[in-house]
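Asks: Model the placement of chain B on the given structure of chain A, informed by the hints.
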Amino acid sequence: MKILVCISNVPDTTSKINFVESDTKFDTQGVQFIINPNDEFGLTRAIWLQQKQQAEVTVLTVGDVSCEPILRKCLAIGADKAIRVDAVPSDGFFVAKQIASVCEKESFDLIIAGRESIDHNGAMVPGLVAGMLDYEYITNCISLEVENNQATAAREIDGGKEIVTSGLPLVIGAQKGLVEESDLIIPNMRGIMQARKKPLEVIASTDAVASSKVTSFEKPAPKGAVKLVDAEDIDSLIDLLHNEAKVI
Amino acid sequence: MAVLVYTEAENGNFKKAAFEVASYGKALADQTGQKLIAVSFNQEDGSALGAYGVDQVVNVTGSFTESFSAKKFAAAIAQVASEKQANLIVLSSSADSKYLAPLLAVKLSAAYTSNVVELPSSTEPLTLKRSCYTSKAFSTVTSNQPINIIGLSSNAFGIIETQSSPEQSTISAEEATSSMTVSSLEKVTGTITIADADVVVSGGRGLKGPENWHLIEDLADVLGAATACSKPVSDMGWRPHGEHVGQTGKPVASNLYIAVGVSGAIQHLAGINSSKVKVVINIDPEAPFFKAADYGIVGDAFEVLPKLIEKLKAFKAA
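Just so you know, the protein sequences line up as chains A and B, in that order. Each residue of the first sequence is one higher than the one before, starting from 2 at the first, in my numbering. Each residue of the second sequence is one higher than the one before, starting from 958 at the first, in my numbering.
One chain only, chain A, in its complex shape (with noise of 0.2 Å):
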């Protein structure tokens, strides 16, 4: 079996957000980068059929030089090898079609991206790619299981979870459930020095043009000082909601 895990590299879940060059650009000064926690969670589940099923695992990320080190991380956490499509990840488009045209090039059985990366929150990378390639697609996905070219995933649906079993080739949407939090692979020191010899090919983009273009960023209006009711005062409390916010 042979598995893509596609990664985002994205702002630390602490960051603060802010943007220069007249609100056209992310700030990333002082802020860490890690591996987009939805992508973490499906590649765990991938280092577990692994470990298990003897899947072959790759990683792969759109994006310049500076996303490395987030590779480099996927492979200490375990994945066999890395591929780094070298472009600016324009859009959802740009970034689906590149996966697109790797899969085309060595076909996956299962192709597993994070639902939604925490930063453009677009959750359209893995559904696009399923559609370019036509393969099936199971987004919010909170457990997998592949036997005999079969897969048999569930879904989190609003209120509630649906099982779906599906063919392979399949692309999944991660999210938490798929593996716990605390089911996320620490390097280790060993790990680590493995991840220095394994392969990380860094190859050219394919064509492709983005359909969107984001022209700037704002932040939202600051927020008036909270209004503090006394708590033997409920009455009051009642009151601002149901009079001044409208709300009950």
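If you're looking for bench data, these hints aren't it; they were derived computationally from the structure. Don't be surprised by glycine CBs; every beta carbon is placed ideally from N, CA and C. Take the hints with a grain of salt, since some may be wrong.
As the list claims (entries may be wrong) - Among chain B residues calculated to face chain A with C-beta under 10 Å, some are:
id : residue
1  : L1061
2  : T1097
3  : S1100
Replies: The following block gives chain B in isolation, referenced to the frame of chain A:
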């Protein structure tokens, strides 16, 4: 050319999200001088959409429409969109709509913009404002494609009534082939989901244990609210994953969000930022949530909640 909205239904009734996309679609149709067409599945009577300005309702029938399949539904919506020459397609932010949106985008060679929070500031080229960085920022996005799919952020536009008398028709769309089958569906019935809720009541570690969750549930009951929880609470297994709201959990965009015993870590706040009014109840006056909330009570949840539940019952009964 037309505006097409996908109006989702459940158990024979249109979902609230359907009325919101229809309301947005109507405003968009007015803005662009086009007709508003709704597409539904296995929904015999589309007249309810006449309250939101829909001009035509196309109901897709066929055995496959009885249960949701992203691939099959996307193919059928693409067929309707092509027949009706729709250039703007509006979808909600429900789990199902977000699932099929990228598949539909590929079918129609359309650009897809998710988490859109308002009407386009320009339609030539289409320029949309969307939330990003898990609601910590907004971006303005310009599309260069002739066909566009807009994923509307839930509760961002609201429901606006406009009377119309929609012309109703049915089509039997071609069924896309898929090797995927749904083997079981587990769905909580009788409770409101976080996605559909106007009010969400959320509990954190301050509740001290799952045995105290009746307080959160009782408060949610009085308010007709969905229940949610913070990340540590779901990590410790006190509550199911589906209730975890925040950066790696579910986003919340309710009218009212009440957080009890939730300190307000930056990842949690990011997930609930789109909620309109936030109330925090926490014993610790230094809890970061107080900086993000509109109303707050510094107090012990075990003392405040029973009183709040009782007073709200009286208020609702009055």
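Asks: Which of the stated hints cannot be reconciled with the structure, identified by number in ascending sequence?
Replies: none
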